[in-house]
Amino acid sequence: MSTITPEVVAAHSLTPDEYQKILSLLGREPSLTELGIFSVMWSEHCSYKSSKVHLKKLPTRSQLVLLGPGENAGIIDIGHGYGIAFKIESHNHPSFIEPFQGAATGVGGILRDIFTMGARPIAVLDSIRFGPLDDPKTGARNRRILEGVVSGIAHYGNCFGVPTVGGECVFHKSYDGNPLVNVFALGVIPKDKIFFGRAEGIGNPVIYVGAKTGRDGIHGATMASDEFTEESKQKRPNVQMGDPFLEKLLLEACLEAMHTGAVVGIQDMGAAGLTCSTCEMGSRAGTGVEIDLQYVPQRETGMSPYEIMLSESQERMLLVADKGREQEIFDVFNKWGLDSATIGFVTDDGMLRVRDHGAIVAEIRNRDLADEAPIYDRPHTRPHRNVPMEAPAFASADLKADLIRLLASGDLCSKRWIYEQYDYMVRTNTLAGPGGDAAVVRVKETGTSVAMSLDGNGRYCYLDPREGAKLVVAEACRNVSTVGALPVAATNNLNFGNPQRPEIMAQLVEAIEGMAEACLHFETPITGGNVSLYNETLGEGILPTPVIGIVGLLPTQAPVPSRFRAAGRTVMLLGGVGATDEVHFGGTQYAHVLLGQMWGLPPALDMALEKRVQAAIREMVAAGVVDSAHDLSDGGFAVGLAEASFDGVGAAVTLPASALRPELLLFHEGPSRILLSTNSPEEVTKLADKHGVPAVAIGATVNGQVVIEGYLSATVEELHQPWAKALESALNG
Amino acid sequence: MKAGVVVFPGSNCDHDAYYAVTQNVGAQAAFLWHQQAAIPGDVDVVILPGGFSYGDYLRCGAIAKFSPIIGAVKQFAAAGGIVMGFCNGFQILTESGLLPGALIRNTGLKFRCHPVDLRVETTHTPFTSLAEKGQILNIPIAHGEGCYTAEPHVLDQLEAEDRIVFRYVQNPNGSARDIAGICNAGRNVLGMMPHPERAADPLMGSTDGLVLFRSLLSVLAAK
Numbered sequence: 050m051s052t053i054t055p056e057v058v059a060a061h062s063l064t065p066d067e068y069q070k071i072l073s074l075l076g077r078e079p080s081l082t083e084l085g086i087f088s089v090m091w092s093e094h095c096s097y098k099s100s101k102v103h104l105k106k107l108p109t110r111s112q113l114v115l116l117g118p119g120e121n122a123g124i125i126d127i128g129h130g131y132g133i134a135f136k137i138e139s140h141n142h143p144s145f146i147e148p149f150q151g152a153a154t155g156v157g158g159i160l161r162d163i164f165t166m167g168a169r170p171i172a173v174l175d176s177i178r179f180g181p182l183d184d185p186k187t188g189a190r191n192r193r194i195l196e197g198v199v200s201g202i203a204h205y206g207n208c209f210g211v212p213t214v215g216g217e218c219v220f221h222k223s224y225d226g227n228p229l230v231n232v233f234a235l236g237v238i239p240k241d242k243i244f245f246g247r248a249e250g251i252g253n254p255v256i257y258v259g260a261k262t263g264r265d266g267i268h269g270a271t272m273a274s275d276e277f278t279e280e281s282k283q284k285r286p287n288v289q290m291g292d293p294f295l296e297k298l299l300l301e302a303c304l305e306a307m308h309t310g311a312v313v314g315i316q317d318m319g320a321a322g323l324t325c326s327t328c329e330m331g332s333r334a335g336t337g338v339e340i341d342l343q344y345v346p347q348r349e350t351g352m353s354p355y356e357i358m359l360s361e362s363q364e365r366m367l368l369v370a371d372k373g374r375e376q377e378i379f380d381v382f383n384k385w386g387l388d389s390a391t392i393g394f395v396t397d398d399g400m401l402r403v404r405d406h407g408a409i410v411a412e413i414r415n416r417d418l419a420d421e422a423p424i425y426d427r428p429h430t431r432p433h434r435n436v437p438m439e440a441p442a443f444a445s446a447d448l449k450a451d452l453i454r455l456l457a458s459g460d461l462c463s464k465r466w467i468y469e470q471y472d473y474m475v476r477t478n479t480l481a482g483p484g485g486d487a488a489v490v491r492v493k494e495t496g497t498s499v500a501m502s503l504d505g506n507g508r509y510c511y512l513d514p515r516e517g518a519k520l521v522v523a524e525a526c527r528n529v530s531t532v533g534a535l536p537v538a539a540t541n542n543l544n545f546g547n548p549q550r551p552e553i554m555a556q557l558v559e560a561i562e563g564m565a566e567a568c569l570h571f572e573t574p575i576t577g578g579n580v581s582l583y584n585e586t587l588g589e590g591i592l593p594t595p596v597i598g599i600v601g602l603l604p605t606q607a608p609v610p611s612r613f614r615a616a617g618r619t620v621m622l623l624g625g626v627g628a629t630d631e632v633h634f635g636g637t638q639y640a641h642v643l644l645g646q647m648w649g650l651p652p653a654l655d656m657a658l659e660k661r662v663q664a665a666i667r668e669m670v671a672a673g674v675v676d677s678a679h680d681l682s683d684g685g686f687a688v689g690l691a692e693a694s695f696d697g698v699g700a701a702v703t704l705p706a707s708a709l710r711p712e713l714l715l716f717h718e719g720p721s722r723i724l725l726s727t728n729s730p731e732e733v734t735k736l737a738d739k740h741g742v743p744a745v746a747i748g749a750t751v752n753g754q755v756v757i758e759g760y761l762s763a764t765v766e767e768l769h770q771p772w773a774k775a776l777e778s779a780l781n782g
Numbered sequence: 777m778k779a780g781v782v783v784f785p786g787s788n789c790d791h792d793a794y795y796a797v798t799q800n801v802g803a804q805a806a807f808l809w810h811q812q813a814a815i816p817g818d819v820d821v822v823i824l825p826g827g828f829s830y831g832d833y834l835r836c837g838a839i840a841k842f843s844p845i846i847g848a849v850k851q852f853a854a855a856g857g858i859v860m861g862f863c864n865g866f867q868i869l870t871e872s873g874l875l876p877g878a879l880i881r882n883t884g885l886k887f888r889c890h891p892v893d894l895r896v897e898t899t900h901t902p903f904t905s906l907a908e909k910g911q912i913l914n915i916p917i918a919h920g921e922g923c924y925t926a927e928p929h930v931l932d933q934l935e936a937e938d939r940i941v942f943r944y945v946q947n948p949n950g951s952a953r954d955i956a957g958i959c960n961a962g963r964n965v966l967g968m969m970p971h972p973e974r975a976a977d978p979l980m981g982s983t984d985g986l987v988l989f990r991s992l993l994s995v996l997a998a999k
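Sequence order for the protein chains is A and B.
Just add 49 to the spot in the first sequence (first one is 1) and you have the numbering used here.
Just add 776 to the spot in the second sequence (first one is 1) and you have the numbering used here.
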């Protein structure tokens, strides 16, 4: 009579060993509903079973950390009685299957993670990666995915009323069948009003609020834990549908309900929906949760317990209220026109007990689901890499033409076409929006502003996952420092291939270790994040792409722009021209765009120097001695100089004598360098000296021209036009 | 001056308008819930803020026009009360018949968010009395349905009656005759797609929106 055949177990992406563990935990055979519940909670997406042992290596503490990993979002103290809650999440798999809804619900999910803590979201950033738009075979599909993802993010964020203030958009062949959509959100929270996802208080009512439950998104979490095959194209129904209007109402209602004082604990229903929220809230509090599915508001008739428990319908929350004060909660949700219903209560036996019209359909210990998932220390060898160490022969025929091609390339060109579809100003806090080194939003409740930067670099991490991850952290911290903010915390999104392949697992392990080392060094503890594995299509993995989100703090003031502001200022290179060689040039944009190749190693990073450069620029910004500051990264010095000129004021510079060949000198991506303009070069030099970093005066700002003496000379317009138009032209095919 | 900022389910520039009026302009403000059927006696300006009222289901502003507060706003306007609608607020004003015409999808079919230059076309309104005719104001837009459209004779009438308050210097959305904002025949109801409340604080990059609020202050003070 057993319905649980090996085929059924396999269809739930559970291994035979995992099924044995379920049998021994339960002491009996599970029902199909119970098997479904185990399968989502033990999925890679929910349990982090392949990454957990390594994630422990990440630093998570500092004096400012109010709340580290483990809750829905981490929280940092920003003073004046306030904190900021923030996290990054991926929605890679759904965005490939259904780009618009996949990306939209990605935004919705991370916003709920923020406001479930009691924080009002004030900023979103996105890090998105696609296959090349001009590929003869896949270009049309990649264009369609990009357009869908961007309008999905715009639709959800704009309607919800949170500004999308920055991010990155990157292209590489490896994201062809597996785009990456990582969304970061940040909210403001009074320090004494933090809410937790805990089912405390025996006998307290468990209340369901928000949208009704439908059949959408069933097994989304298990889908996100599988590779893509031909079959997964059939999984479109697994992608959830988002309604940002409903989410906006849910935000207002939740914050208002929290204000009543009747809310004991609250958690959003994200991946694995009702299953995850019930067992996690119980497990964290060490309590049991008993619910009856007949009380769950439903959008469709005839849904089975299995479907109700595994649905990933959006815009739903589960909360535990003070017994006797339910009506206060109902009143708030009624006011906002939302469903709310008591579906159960907190018990003292530690069990998740699910009834359907009274009959028990699932009965599992909460901690078996939330904490007893198998943990794998998967074998890892040497990171996968299939490129030479030695550089090929190359020589530039025309440095100016090279620069123009770089500026018009996918990763470096203007992303205006994307960010103008986002309302980046709503809530009137945006001091620095998209297009700069870091986004800055003020926190009106305090005199403090928050700077944010998202960074990833798949090519660096492919060449050396450990050094690549360090470089990514260093750059994000540099971006934040360049606008004058002190980096204080981080969140990470680890996008990798199939961890069951030892050479892919090695990428993950080394990247985590590199990230840990860098975050410790830059004093940016990781307060939460997300792991997205199995980013493979038909056996082809993505470049290892850890994405870091760095958050920094600065006093509220007009931020230093990245572009030159006026002619006649001294142009200086903080950190100097940097050192490199051909081996460390193989991960650059020059190698990627102009040579179509990858080799060698990522740029060399001296973390101590990097930290001193960042301290120096922060002090210069605070002292008001810089007019503009722009960090040098992708594309190197020449690209950075061109970018700084795009408001019309360019520069004429002479680089110090160098043994480097011209391509390397102009386009190497050595870190720890910032291009600035100033009216007070002596002050800049003095502060640079104080921090023990070089600051080389290389020329002056001039109107309309970009001249690198002895190498190239162009009008700003010649450089600006190709940069400004590239993305739109590429999208028009 | 006390501004009543209407809050519909889905309004998301309500707090921005409130902040601009109280912090940047130095006047008073209060929120008005969409279920309210009357405008409080001490309110002398009603602001319909931007956002997605009722999710903008059906059409932008199409459901908001049936709300109790809009009935009250109509009475308030009929009695000469000052009403401003920004973005979604403008859409609600055209849907509810307080202003002529309609706002349809941008001709580029995309949501657009960026600062635009507006030209002040008339100073004969309480919203622009302190501005100069021809003055250029830099104020952001953020909308997907901001293309103003109306019958040619309506557009002719708006022009003849000097009711086009703002025009785009560079038309971002295909609006007929570059129209960015208009007023009613009584000149006490203004609708505009750009967001003056986002151009009221030096930290936001422009304070060009302040002239609207300051004009209102001076007109109300003179009453």
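Check before you lean on any hint, since a few could be wrong.
Straight-line Cα separation of at most 25 Å, PhoX-like style, residue types lysine-lysine; simulated pairs [to be verified]:
(1) A:Lys-660 / A:Lys-735
(2) B:Lys-886 / A:Lys-774
(3) B:Lys-778 / A:Lys-493
(4) B:Lys-850 / A:Lys-384
(5) B:Lys-778 / B:Lys-999
Hints are computed from structural coordinates only; laboratory data are not their basis.
Status of each hint after checking the structure:
As the CA atoms of Lys-660 of chain A and Lys-735 of chain A are separated by approximately 17 Å, the hinted pair is consistent with the 25 Å bound. For the hint linking Lys-886 of chain B to Lys-774 of chain A, the alpha-carbon distance of about 17 Å falls within 25 Å, and the restraint holds. This hinted pair checks out: Lys-778 of chain B and Lys-493 of chain A have alpha carbons roughly 22 Å apart, not beyond 25 Å. Distance hint between Lys-850 of chain B and Lys-384 of chain A is fulfilled; the C-alpha atoms sit about 24 Å from each other, no more than 25 Å.
At most 25 Å may separate the alpha-carbon atoms for a hinted pair to count; Lys-778 of chain B and Lys-999 of chain B meet this at roughly 14 Å.
In this structure, every one of the numbered hints holds.
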